[in-house]
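Each chain, letter by letter, is given below.
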Amino acid sequence: MPKLLSGAEIVFKSLEDQKVEYIFGYPGGAVLPIYDELKNHKSIKHILARHEQGAGHAAEGYARSSGKPGVLLVTSGPGATNAVTALTDAYMDSIPIVCISGQVPTHLIGTDAFQECDTTGITRPCTKHNWLVKDVNDLADIMNQAFKIATTGRPGPVLVDIPKDIQFDKGAYKISKNKLEKKLNGTLSNKINLKEVDKFIEMIKKSSKPIFYTGGGVINSGPKASQLLKEIVLLTGFPITSTLQGLGAYPGDDPQFLGMLGMHGTYEANNAMHDCDLMINIGARFDDRITGKIDEFSPKSKKIHIDIDPSSIGKNVKVDLAITSDVTELLKAVLKSFKEKNKNFINSNKQKTANWWSQIDKWREKKSLNFKNSKETIKPQHAVQRLYELTKDQDTFITTEVGQHQMWAAQHYKFNKPNRWMTSGGLGTMGYGLPAAIGVQIAHPKKLVIDIAGEASILMNIQEMSTAIQYRLPIKIFILNNEYMGMVRQWQELLHDKNYSESYTEALPDFVKLAEAYGAVGIRAKTPNELDEKIKEMINLDKPVIFDCVVDKVENCYPMIPSGKPHNQMLLGPEDEKEEVSDEGKTLV
Amino acid sequence: MSNPKSAYSQPTKFGKENHHIIVVWVDNEAGVLARVIGLFSGRGYNIESLAVAEIDKKKHLSRITIVTKGTPEVIQQIKLQLGKLIPVHKVADFSRDDPKILFRELALFKVVGAIKKLDKAKKLCKKHNAIILDKTKKSFVVQVTALRREIDKLTIALKPLGLISASRTGAIAMTKGKEIFIKN
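Chain order of the listed sequences is B and U.
Take the first sequence: its position 487, counting from 1, is numbered 487 in this note's numbering, and each next residue is one higher.
Take the second sequence: its position 94, counting from 1, is numbered 683 in this note's numbering, and each next residue is one higher.
Treat the hints as calculated values from the structure; they're not laboratory data.
You may find that some hints are simply not true.
Derived SDA-like pairs: lysine to any residue, alpha-carbon spacing no greater than 25 Å straight-line [claimed, not checked]: (1) K605(U) / P299(B); (2) K68(B) / P105(B); (3) K174(B) / E618(U); (4) K315(B) / H678(U); (5) K148(B) / W614(U); (6) K315(B) / L674(U); (7) K668(U) / V319(B); (8) K709(U) / L697(U).
So the derived label-pair ranges between C-beta atoms look like this [as the list claims (entries may be wrong)]: (9) K679(U) / K177(B): 18 to 26 Å; (10) E768(U) / S358(B): 53 to 61 Å; (11) I769(U) / S176(B): 23 to 31 Å; (12) I769(U) / P445(B): 53 to 61 Å.
In this text, a Cβ means the ideal position worked out from N, Cα and C, and glycines have one as well.
All chains, please: the whole structure from these sequences, using the hints.
Quick look at the structure:
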């Protein structure tokens, strides 16, 4: 008979078997047996956050930058409900998270016990799957499945809710074989259908106005996928654009890269999407921030969609060739077949796409990311550009909060490698960036990690500064401080007759003093002249830094596709905006 | 959209909605029904009727039959989203007009009234495999198995004849002939 272990021991044995090195969490009554067991497992380090949401985003940052699942440990009731935002965020952006939550003892479930809530009920719609463990003998199996489900197929969060008595109970550590192998993610097999590959290549050969449109699926498929993507883009000579989540999969400074597409994407990327005759979507999901007005989305193109999640295909946009597959596997097959059968492609193709490229160059001449710089005040775009120039020579990891600063970071910071860019895209969670930066720094202790933030977002999880100090994590918080919730203010200016309802923060902390209060370093830059010096000072400090970058208060984020408009009707700047926002325009946005 | 000043685009095209019967084979485990119907409510799909029961005690398999209405795109999404749920084994989708599929729904009706009206009511029920389960001088309870729309009609017809209580199971479905539905 195998040795019996307590539920808490089974949890840790399972974490060890999964080679987990870090858990992000916060203790409480219903998880104390698990916390008690922590001391016996030296290979696993616990990172104590200051709020369960922070712990969750930290686990996300860890997962996104390392490719490993993030593990989150919270108590029952408020511990679990505080984790819900992070779980939903991970669900929307397909990030593998295993959340272990404590629950009141089995006999008290349903009695409205202290710190009881229906955790599996609350988290059902924001996890790939969840379990309430009712028998300690099921625990090993469930933990094993939890990791498998979180990390395979389209990744995502899972939750294991363990009542306190189960954590004490003794049971066997036994994992049954193949119990849930049947289908974990809606796909039956990873076999590549060669007919689909042939059709893919046929479509590539026929097109004269092609574009690659790539997303987070490339990043999630692993670093190999980014290599293969680069290979196929260079081989075909086609232009490529990326979603917010896909940035870094293809080098941002390469001439074939048109920049990000979508609501705040570049003029050339969006127009190329609109006018193309072949759209090759790899690991993106036709999100509404990307497509704009769906009826007029890229009307003349054939579309190929590669996604590991069959339900992503055909959800928003009908496509001509749908391939349910992992990106790496498919690109391998395509490249292999391409090289064998189409040796002369490159030469014939250059001529075929020459007109297309000259059209793209015309769009590029608009220089849609340009802005009017100033000598008196720091323009936020300028601040991000300077930050990029001063950090591009080292391997830098960027996280962001949500809002204008996030879009400026996406537009002006160029990413050349995958897993260097962590931002909350699907859910749009303000307060994501600081805890995410903590998780990134944990995974990459020696690397430069910067959270590009807004002054409003940063206050949503500012308590995590204390975590950064405790673990000596030298993260840099680069706040573009305009005293407004900038994106809200922008929409109010453009759509709500400049009624800036509640979007101005009348009382803000002194961020330099705030940094000092936490034990970090505070730096403030007020003019463009001092910006570079101060950024260098920040980079050279081996301590957490809050950088209060005082920027233009009313700068808007352009270019922009107003909602309800197709890709070829972008606003490029304030001049455009005057004529566009007629009454008719207003109702359309 | 009520407020046109929105950060979201406005709906434009509406496709034609059709009735479909979705059959889902699931592991009969805690919370599985909540997962399935939560997916419907969470994504704004309709449920017109729902029938659930365990069909294999040994394997703990349940069969859930859902009558729903939607555009072809929505029906496709329903199938794919259901397929992603971990306890779901397979999903079948039958059009209501598919001649190869049998549909049945069971209803219990209680009719109370004078003899004349009761007789009239019984006559109406006869067409639909009626079985009288209970009767008194002033009432009867009848079991009817028929198509969903036939039961709809019968309900309306029985109303003036003293129908005071109705209970329905929701439709269930099965393929004709020797074929069974194999995982797609």
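So which hints don't hold here, by number, going up?
-> 2
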